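Chemist: Using the hints provided, position chain F relative to the given structure of chain Z.
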Amino acid sequence: MGFSTILDVIGSMIIGGILLSITMRLNDAATAKTYNYSGELSLQENMATVAQIIEDDFRKIGYCADWNKFPDPTKAVVFANESSIKYLTDIDYDSNMDSIRYYLGPTSELLSTPNPRDRMLYRVLNNEAPKSANLGVTQFRMVYFDALGDTLLPPILNPALITSVEINLTVESVAAYDTAYSSAFWRQIRLVARNLKNR
Amino acid sequence: MSGKASLLVVMGFNLIFLVLSKNFGDVSSRTVDNYVNYYQGTVAHDIAISAANIAANQIFLDPTWDDGYSDIPFQGGSYDVQLAVIDPYKNIREITAEGNFGGKTSTVKVKFAPSKFSKFAYYSVSEGGTIWWTGNDTVWGPFHTQDYLRAAYHPVFYGKATTKKSLIYYTSQKADKPYFLGGYEQGVNLPLPSDAVDKMESFADDDGLKFSGKDTVYLMFAGDSLKYKYKHSDPYLSLYLPAESPNGMIFAKDCVLRLKGTVKGQYTIGCSSTMSLGKGTIYLDDDIVFNQDPRIHPTSNDLLGICAENSVYITDNIPNRSDINIHGSIYCEKGGFGAQNYDSRPKSGNINLLGGIIQNTRKAVGTFSSGSIKTGFAKRYAYDNRLLVASPPFFPGTGGFEIVSWLE
Numbered sequence: 001m002g003f004s005t006i007l008d009v010i011g012s013m014i015i016g017g018i019l020l021s022i023t024m025r026l027n028d029a030a031t032a033k034t035y036n037y038s039g040e041l042s043l044q045e046n047m048a049t050v051a052q053i054i055e056d057d058f059r060k061i062g063y064c065a066d067w068n069k070f071p072d073p074t075k076a077v078v079f080a081n082e083s084s085i086k087y088l089t090d091i092d093y094d095s096n097m098d099s100i101r102y103y104l105g106p107t108s109e110l111l112s113t114p115n116p117r118d119r120m121l122y123r124v125l126n127n128e129a130p131k132s133a134n135l136g137v138t139q140f141r142m143v144y145f146d147a148l149g150d151t152l153l154p155p156i157l158n159p160a161l162i163t164s165v166e167i168n169l170t171v172e173s174v175a176a177y178d179t180a181y182s183s184a185f186w187r188q189i190r191l192v193a194r195n196l197k198n199r
Numbered sequence: 001m002s003g004k005a006s007l008l009v010v011m012g013f014n015l016i017f018l019v020l021s022k023n024f025g026d027v028s029s030r031t032v033d034n035y036v037n038y039y040q041g042t043v044a045h046d047i048a049i050s051a052a053n054i055a056a057n058q059i060f061l062d063p064t065w066d067d068g069y070s071d072i073p074f075q076g077g078s079y080d081v082q083l084a085v086i087d088p089y090k091n092i093r094e095i096t097a098e099g100n101f102g103g104k105t106s107t108v109k110v111k112f113a114p115s116k117f118s119k120f121a122y123y124s125v126s127e128g129g130t131i132w133w134t135g136n137d138t139v140w141g142p143f144h145t146q147d148y149l150r151a152a153y154h155p156v157f158y159g160k161a162t163t164k165k166s167l168i169y170y171t172s173q174k175a176d177k178p179y180f181l182g183g184y185e186q187g188v189n190l191p192l193p194s195d196a197v198d199k200m201e202s203f204a205d206d207d208g209l210k211f212s213g214k215d216t217v218y219l220m221f222a223g224d225s226l227k228y229k230y231k232h233s234d235p236y237l238s239l240y241l242p243a244e245s246p247n248g249m250i251f252a253k254d255c256v257l258r259l260k261g262t263v264k265g266q267y268t269i270g271c272s273s274t275m276s277l278g279k280g281t282i283y284l285d286d287d288i289v290f291n292q293d294p295r296i297h298p299t300s301n302d303l304l305g306i307c308a309e310n311s312v313y314i315t316d317n318i319p320n321r322s323d324i325n326i327h328g329s330i331y332c333e334k335g336g337f338g339a340q341n342y343d344s345r346p347k348s349g350n351i352n353l354l355g356g357i358i359q360n361t362r363k364a365v366g367t368f369s370s371g372s373i374k375t376g377f378a379k380r381y382a383y384d385n386r387l388l389v390a391s392p393p394f395f396p397g398t399g400g401f402e403i404v405s406w407l408e
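Residue numbers (the numbering used here), protein chains in the order written: chain Z, 1 to 199; chain F, 1 to 408.
The hints are simulated quantities; they were obtained by calculation from the structure and are not laboratory data.
Quick caveat, the model's predicted, so the values are computed rather than measured.
Hints may be right or wrong, so weigh each one.
Derived DSSO-like pairs (lysine-lysine); straight-line CA-CA distance at most 30 Å [to be verified]:
id: 1; chain 1: F; residue 1: K164; chain 2: Z; residue 2: K75
id: 2; chain 1: F; residue 1: K264; chain 2: F; residue 2: K214
id: 3; chain 1: Z; residue 1: K75; chain 2: F; residue 2: K177
id: 4; chain 1: F; residue 1: K164; chain 2: Z; residue 2: K33
id: 5; chain 1: Z; residue 1: K197; chain 2: F; residue 2: K177
id: 6; chain 1: Z; residue 1: K197; chain 2: F; residue 2: K264
id: 7; chain 1: F; residue 1: K165; chain 2: Z; residue 2: K197
id: 8; chain 1: F; residue 1: K90; chain 2: Z; residue 2: K69
id: 9; chain 1: F; residue 1: K379; chain 2: Z; residue 2: K75
id: 10; chain 1: Z; residue 1: K197; chain 2: F; residue 2: K109
id: 11; chain 1: Z; residue 1: K75; chain 2: F; residue 2: K165
id: 12; chain 1: F; residue 1: K109; chain 2: Z; residue 2: K131
id: 13; chain 1: Z; residue 1: K197; chain 2: F; residue 2: K22
id: 14; chain 1: Z; residue 1: K69; chain 2: F; residue 2: K109
id: 15; chain 1: F; residue 1: K90; chain 2: Z; residue 2: K197
For each label pair, taking beta carbons as the anchor points, the in silico distance ranges come out as [said to hold, decoys possible]:
id: 16; chain 1: F; residue 1: T274; chain 2: Z; residue 2: N126; range: 55 to 61 Å
id: 17; chain 1: Z; residue 1: S99; chain 2: F; residue 2: S212; range: 52 to 58 Å
id: 18; chain 1: Z; residue 1: R117; chain 2: F; residue 2: V36; range: 25 to 31 Å
id: 19; chain 1: F; residue 1: V36; chain 2: Z; residue 2: S108; range: 35 to 41 Å
id: 20; chain 1: Z; residue 1: L125; chain 2: F; residue 2: P242; range: 44 to 50 Å
id: 21; chain 1: Z; residue 1: N126; chain 2: F; residue 2: A84; range: 27 to 33 Å
id: 22; chain 1: Z; residue 1: I10; chain 2: F; residue 2: D33; range: 51 to 57 Å
id: 23; chain 1: Z; residue 1: K33; chain 2: F; residue 2: K174; range: 53 to 59 Å
id: 24; chain 1: Z; residue 1: G149; chain 2: F; residue 2: S212; range: 26 to 32 Å
id: 25; chain 1: F; residue 1: D46; chain 2: Z; residue 2: Y93; range: 21 to 27 Å
Think of the CB as a built atom: it goes at the ideal place given N, C-alpha and C, for glycine as much as any other residue.
Here chain Z stands alone, though its shape is the one from the complex (with noise of 0.2 Å):
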């Protein structure tokens, strides 16, 4: 075996370093982007759907099928504070009022996932058992409002008070590559549910 061998199987022995480096840099950069990519995909339509479910249940707040059955809209919400809220409305159109809570569970229910943050949010329909998923929520926080717009400070004793309700909500994605969470958040500066100003 010559000198130029030796030169051409370093050499080789080189450029095949700098390729397999590449390639492994491709690897590791092209699975980060389609873990976060993929991660910040599942995060939108988790947050869309926790908004969309919001939305459609915060607008029915005092709504009842029957008008005659809930005439006085000021009983509308039970209790709220800034985690949390029950209200009565009549969710499936049958003229008997419902209960919805919305609540925040601790993080120490998903110590599971990788995101030390991530909590479960629930929703309960009167007394049936709480239902959840876990959506990376990371932060549900209600404002509430007066009739003169002005804002009403914790804790809430007098839930008769509230007539609209700026909603925030946070969503993480609940694993991420090197702990790099991808994160949106949303707002509903302010939610009106017109029942609880019918009459």
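Modeler: Positioned in the frame of chain Z, the structure of chain F alone reads:
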């Protein structure tokens, strides 16, 4: 050999990049799809709400409007509105507004019912000068005034409050802001009709009961019976009300009406005036109450409307010296509800009202010194929640509709 290898390497990388870019492209497309779906749904919903508001406004402007709208372009989309009378007897109407945008459709359904003045716990055209609603005042049902709402030390309004004019604070918003538990709207114009009591005569002529040609009519409800006379010294005569007034309207034309008793059933009493001084006035000579108090008997059907063309006064007499109990909705078209000789009569206890007061001009029921009664009455007004969904027969209406249910 090396050329082939290079080609393979290049092709391999190309393949990898192709797969990756397709994957990223798919993700981007789905992200945009998701965004567009949410956006289209939101805009369709907003269009539907706008359509419902446009139709509602049309109904408020013209209560007979029932044309609806078809395929009206709006905000890059379109809307349709249909109007249906879902209960012809009660004249309950429903509009169904559909918003369309980018292939998405959203629907809003709104129900309307004729609006009656009897729903108000308190209504006034004029607040009688500069009377302030104070922290001692609580209004338990819907409130409206065509005047300013003058607030001092946080008065409480449990029902929806509306005013034509603005809010005035005694010192500052912080010190005086009212608590509106049913919401508040300013700029609502809801005038009192000027001939609603006169129109009651035709209802009395048609299956009701009418008294006419007398200066004064004394009426005493006694369950199913109505006792009446025309002079204080006369004995009462008796009528069986379900037979004499099957439609529930009792009308006293151009006279003074003196009223008391226990009401069983649903009746409205109207008292008119043809420009004669003092006529069209109702005096409450003693308690006028329901046979079954709905606070004790929730299934009670007893309802009473007390409608005077001028004013309703609590008589200054011995039975009214220690409290008066009034069950019913009081309507004073040109005057107000007050106590006779409010500033000279003795301390008379409480006015225990279950119902509402609809009046042209706020009147006094007593005078106060250092927070305690000096003459007349203290107010203990409770709202009859049944008035949100029911009203005494032929009680004056506002002439329009109100939204009773909104589904989106």
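Chemist: Taking the earlier hints as the rules, which of them does this structure contradict?
Modeler: Going through the list in order, the structure violates hints 4, 6, 13 and 24 and respects the others.
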